[in-house]
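Student: Starting from two chains that each stand alone, build the complex the way the hints lay out.
In the order they appear, the protein sequences are chains A and B.
In terms of the numbering used here, the first sequence opens at residue 250 and continues consecutively.
In terms of the numbering used here, the second sequence opens at residue -5 and continues consecutively.
If you're looking for bench data, these hints aren't it; they were derived computationally from the structure.
Even glycine gets a Cβ: it sits at the ideal position worked out from N, Cα and C.
A hint or two may mislead.
[What the hints assert, rightly or not] In silico BS3-like links for lysine-lysine, alpha-carbon gap of 27 Å or less:
#, chain 1, residue 1, chain 2, residue 2
1, A, K384, A, K431
2, A, K384, A, K336
3, A, K301, B, K138
4, A, K301, B, K80
5, B, K40, A, K483
[Unchecked claim] FRET-style restraints, in silico, Cβ to Cβ:
#, chain 1, residue 1, chain 2, residue 2, range
6, B, D(-4), A, P478, 16 to 24 Å
7, B, L131, A, D394, 37 to 45 Å
8, B, H73, A, K420, 54 to 62 Å
9, A, P596, B, I17, 34 to 42 Å
10, A, A605, B, E133, 40 to 48 Å
11, A, A417, B, I17, 40 to 48 Å
12, A, M395, B, D28, 52 to 60 Å
13, A, I340, B, R59, 29 to 37 Å
14, B, K122, A, D460, 27 to 35 Å
15, B, P119, A, K420, 52 to 60 Å
16, B, P119, A, P478, 29 to 37 Å
17, A, E449, B, A87, 50 to 58 Å
18, B, P119, A, E387, 44 to 52 Å
[What the hints assert, rightly or not] Listed next, the stretches of chain B that the computed footprint assigns to chain A, with coverage defined by at least 3 CB atoms under 8 Å from CB atoms of chain A:
#, segment
19, 42 to 53
20, 68 to 80
21, 88 to 99
22, 120 to 132
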Amino acid sequence: MEEMLESNEMIVHLGPQHPMQPGPFRLNLRLKGETVMDAEVELGYIHKGIEKILENKTYLQGITIVDRICYLVALTNEECFVGCVEKLLGIEPPARSQYIRVILEELSRLQSHLLGMGEFGEFIGFVSMFMYTIKEREDILTLIDMVTGARVTHSYLKFGGVRDDLPAGFKEKALPVLNNLKKVISDYEEMFQSDRIYRERTEGVGILTADVAKSLGVSGPALRATGVPFDIRKNEPYLVYEDLDFKVCTETAGDCAARVRVRLNEMRESIYILEQCLDQIPNGPLFPEGTPYGRRTPVMRVPAGEVFHRVEDPRGEMGMYMISDGTDKPYRVKVRGPYFPTLQALPPLIIGTTVADVAAISGSMDGCTSEADR
Amino acid sequence: MDAKTIIESLTGKFPEAISETGIESPIRIRAYVDKEKAKEVCQYLKDSLQFDHLCSVCGVDYPQRNELESVYHIASYDHPVVLMLKVRLPRDAPEIESIVPVYWNANWYERETYELYGIVFKNHPNLKTLVLPEEMLGEWPLRKDYEGFPNKTARNLV
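Just chain B, same shape as in the assembly (with noise of 0.2 Å):
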């Protein structure tokens, strides 16, 4: 399956949801969705387009847009194609629905994002945190605008 037909797929069946497709290089594409499709469309491309291993779930912080993001890498066993599935939320309330039902092993991914972003994932199994103490759950340490890390480390090295 190559991705331009994957593109088109994703594009024909959710022609709403999906926005911004790119097409990187034979093995690599990209797609923003909208946060009410995106478990859905995960199934879909489960199902479908044989994306069945999900590589990773993470988030990235855009202050300055007062946006944050929860980044889905998805793959195959099967083809090499990696999709690279975007979800813009607003900072201060970013909710998404989670997508454990969907990718078994999106569960720790999804607490591990939430306690450093606090992206809150709707209907996780048990979302808690994962790496940091509990008390710590509030500060999302890889916000931009965490206090409690030296910032400064090596800004004057240009």
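Bound-form chain A, shown alone (with noise of 0.2 Å):
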């Protein structure tokens, strides 16, 4: 990038930390004036390995070393980790545990997606947004904290089903909770319409156009922001899905505003579904009767073969490619994060806009680097 400076250019790096992007990866900016004239983005500050470890270590350890891809969505990198496992075992959890896992996850999608927008607020000097969300998050991580019995990273899932069942009283903590956040919603709404400086922050900015975004293999809500309603859950439905009434959140304007408003409907889809799976959820056994998975999960091989399992993250589509070699331990596992496609798609929206913009682009993304950096 050096080489192709003009006199009146200059290279700005942001990170590998900035207070712009959660995670640690630098953005280099080559800016004339305020106008960023060519940008490049530089991963690899945390590389973790995840996929080699992964191979070393047996399927039931695994479950554990997904958590760590991203702490935001630890619980839906476990659904496609065991997924993976359970299409190779070729088993499918019974009604009730199909049920916690979707409650569990919707749960995890509505507390990712608060600390996003608190995120993005802070990122264009909204920083209050961040506090009034992080309250409502707190609540939220307590009712996943009384299923799995931790905030972050829970080894919940298990092949088969679920750890332990939901604990006495699960739905009447619940209730409370998701009606105060429709409300607190509507509040976030109104906040964001009635701010002039938001609005001219957000609107018309970083905008992806539908055919730009699918080329850039781009999905989750900076998909939908977009207009294509590609949700994995409705496109390949796994666990109960297809039994549950939502809608797929899209807007068609594809800017900053529109990526917020997509989330903020998507978390009154997911209060929905909560409050559908908590009414229905079915009485019966947590894992497969006559089968071993149980609460003692014996150290298993699992049949040869290989498969692709995705499920929607709350950042897009997660994906995961397993081998199994028919031993204790998978031959191979690629994880296929949502978030990389995505921030490989950063430059190329943010060339041409100002150095301003760049912060709200970024931070409208709701980007884990973490995730693609794995």
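Tutor: Below, the structure is given as structure tokens:
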């Protein structure tokens, strides 16, 4: 990048650790005045070697490792990993376990979107937003904590089911939190709408069109904000999503404001899903009956084969490609995180904008560098 | 578009290049492709069969067969079928044409596969390390015979 520099241009490095972006990565910007002429992302500051570690751990140990891909979506990562193994084993969790998983994954989506929105507020100088959302997120985390016993990394899913049943009185504790959140989401919306600075910093900024988003491989809310109704929960239903009523939230503008609106509406849908689940959840066993899978999961060998399983993460399409050679450890696990292509799409999106908009665009993508740079 | 139609269309168009096709479920299909034809097949998938969404590119090491595989998972924003397209490459000189001109987002996936497995993607616009330091280039950490990792972890748990 330096070689191309003209006399009136300069290079600005954002990061490796910059308040603009959670997680270390470096964004090199070539600026002419305030305009971004060129941009380049440098990854590799976190690289945990998750894929190599997974090859050397048993399947059960793998669950604790995939938790660490991104702390915001530990449960969705577990769902993807466990889903792969279940497909290879040819088993399916009973209905009660499936409902519990959906409940936890939707709670997980809520807390991830809340934190993402708060951080986005912070990036564009709307600092009080972060304080509002982090408070609501605490309530959601408390609910998750009641079930899994942990706030961030849960190791809660097991092959064929879940580790524990819902605690007594969970529904009674959850419903007031959800009702409060419904009200709060409307407050957020009103706050965004009534704030002129917010609107001027987000509307018409960082516009992604549907065609460009598709060609960049973007998924999740960033894609749905361009009008493409692509959601794995609908396109390729897993667990009990097929039996639940919810709609895929889309917007057409494709700008920063649209991405935030999609997340707001998705939170409403998540609450709706949770209410249905809490009403409909059937009684029954947590693990398939007549199988060895259960509380004492045996150290097990998984039949040889390969599988590609994907789930809808709060950031988009989370997929894992797993090869088993018939032993107790996976032969190969490829993690296809949703933020990897979105982060890759950042430079084309910010070229031509001003340096002040870089934070808004990058923040509205709701990134998790740790997950891209696993 | 259903799985059977896609397989028939692919084998009809590239009878020499496509082999070992299979339908694992209504939304999961697989095929091997000759390495010379991989890019052309990808272009056909994108233009004619609505496979406009590249999910991932990755490598797999098979030291016993002395082979590496480059595996492409290609899906669509319009239909639910995911195609697993695999290419066999010799382990001592793994080279394949880059598919970045077809799928823009293959760029980082190919860079990642290159630094972790040593698979060279010819005509890639910027084939350099992505997540590892440059000094590690040539060590290919995800190959099975990589020595810099304690491979014995948890081996005796069975």
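Student: All hints are to be evaluated individually against the structure, with a verdict given for each.
Tutor: Hints versus structure:
no., hint, verdict
1, A:K384 x A:K431, "holds, 14 Å"
2, A:K384 x A:K336, "violated, 38 Å"
3, A:K301 x B:K138, "holds, 9 Å"
4, A:K301 x B:K80, "holds, 21 Å"
5, B:K40 x A:K483, "holds, 22 Å"
6, B:D(-4) x A:P478: 16 to 24 Å, "holds, 21 Å"
7, B:L131 x A:D394: 37 to 45 Å, "holds, 44 Å"
8, B:H73 x A:K420: 54 to 62 Å, "violated, 38 Å"
9, A:P596 x B:I17: 34 to 42 Å, "holds, 39 Å"
10, A:A605 x B:E133: 40 to 48 Å, "holds, 41 Å"
11, A:A417 x B:I17: 40 to 48 Å, "holds, 46 Å"
12, A:M395 x B:D28: 52 to 60 Å, "holds, 55 Å"
13, A:I340 x B:R59: 29 to 37 Å, "holds, 30 Å"
14, B:K122 x A:D460: 27 to 35 Å, "holds, 29 Å"
15, B:P119 x A:K420: 52 to 60 Å, "holds, 54 Å"
16, B:P119 x A:P478: 29 to 37 Å, "holds, 32 Å"
17, A:E449 x B:A87: 50 to 58 Å, "holds, 56 Å"
18, B:P119 x A:E387: 44 to 52 Å, "holds, 45 Å"
19, 42 to 53, "holds (count 6)"
20, 68 to 80, "holds (count 4)"
21, 88 to 99, "holds (count 3)"
22, 120 to 132, "holds (count 5)"
In summary, the numbered hints that this structure violates are 2, 8.
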